[in-house]
Amino acid sequence: MVRVEVKLKKGHFDPEGDVTTKSLRDLGFPVSGVRVSKVYTVELEVNDKERAMSLAREMCRKLLANPTKDDFFIEVLAGEGGVN
Amino acid sequence: MDLSRAKACIARVGGTNCDLEMKVALENLGLTAEVLHMKQILKRGLSEYQLFVLPGGFSYGDYVRAGAIWGKEVHSKIKSELEAFIDEEKLVMGVCNGFQVMIEAGILPNGELVEVPKAALANNMSAKYECRWVYLRVERGGTPFTGDLETGEILKIPVGHGEGRFIPASEDFLKELIEEGCVLFRYSMPSGEAAEGRYPYNPNGSVYDIAGICNRKGNVMGMMPHPERAFFGWQLPEERNVPYGDGKRIFQGIIKYLQKY
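If you read the protein sequences in the order shown, they are chains L and R. Residue numbering for the first sequence follows my numbering, starting at 71 and increasing by one per position. Residue numbering for the second sequence follows my numbering, starting at 147 and increasing by one per position.
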């Protein structure tokens, strides 16, 4: 299993994060900023950690991220259903 | 070609909209237009058509990113067919979600289906879904989609989107787009000067006020505003007693091009 996090590149305007910041502040939380990201937990049919990593990278390149605005972070998860 | 032999294919998947408005607009000007589901396109191919339209909407729920799933489907299933279509100088048009699909499929800004897009249509700066009438300045008249329109003319056409902020992959790439005449429409003030990011004239914060772009040849075009929603006079917010709205001018360009094709 891999965990892929896709988020806006640093410096890119994040309206959802800004609106959430404002709302949390309205509720009285001492919040200076929120960045919103998307997390995909991908169940893979492979058992090799390096292969899982390279497949996830390919997934980001081809679908999950748009390199003009997104950064992505991949974590290979061990354990049940994960890579041994 | 004889217009009675020309045909438009308006593509559809779950979540598309304004496909019928598109059909009515094209048919009003004498073109035969068919709305085809992607599954039908995969069976039938595109060889009998001269215009391929990706309409607006929220294809596949806009999951992952607006237009991403359909864009990648286009890329993986009809890439070579669509590339041949473009090479034959037939017309490809994407409106709103259709433009997002074109960006995600790499059809624009490149004019060929590259695997990794060189631009993005990001969330509006206002953090709102912008549904309003905007002014567009024609940056390049006389292309297949701008027909008799002259550079500098102003059109009033509505937008309806949450993710329309055009971002090029780099400053240099933006320069290239401008220099090569690929910027077709810019959001402007009613007077015609560029909006220069001013809200609400630039409704989404698009870089360089970009509302629509084309490839170098001009036969592939994508735009965020909806010309099919400004085709008839009765669709306009005011002056409804006129027969047609400004959106018609873009469809007239298409017709003029196809008559010569």
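If you are wondering where the hints come from, they were derived from the structure by calculation, not from laboratory data. A quick note: this is a predicted structure, and the numbers were derived from the prediction, not measured. Careful, some of the hints might be misleading.
[Stated by the list, open to error] Calculated lysine-lysine pairs in the DSS-like style (CA-CA distance at most 27 Å, straight line):
# : chain 1 : residue 1 : chain 2 : residue 2
1 : L       : Lys79     : R       : Lys321
2 : R       : Lys321    : L       : Lys80
3 : R       : Lys153    : R       : Lys321
4 : L       : Lys132    : R       : Lys218
The hints, checked one at a time:
no. : hint                : in the structure
1   : Lys79/L x Lys321/R  : holds (22 Å)
2   : Lys321/R x Lys80/L  : holds (23 Å)
3   : Lys153/R x Lys321/R : violated (35 Å)
4   : Lys132/L x Lys218/R : holds (8 Å)
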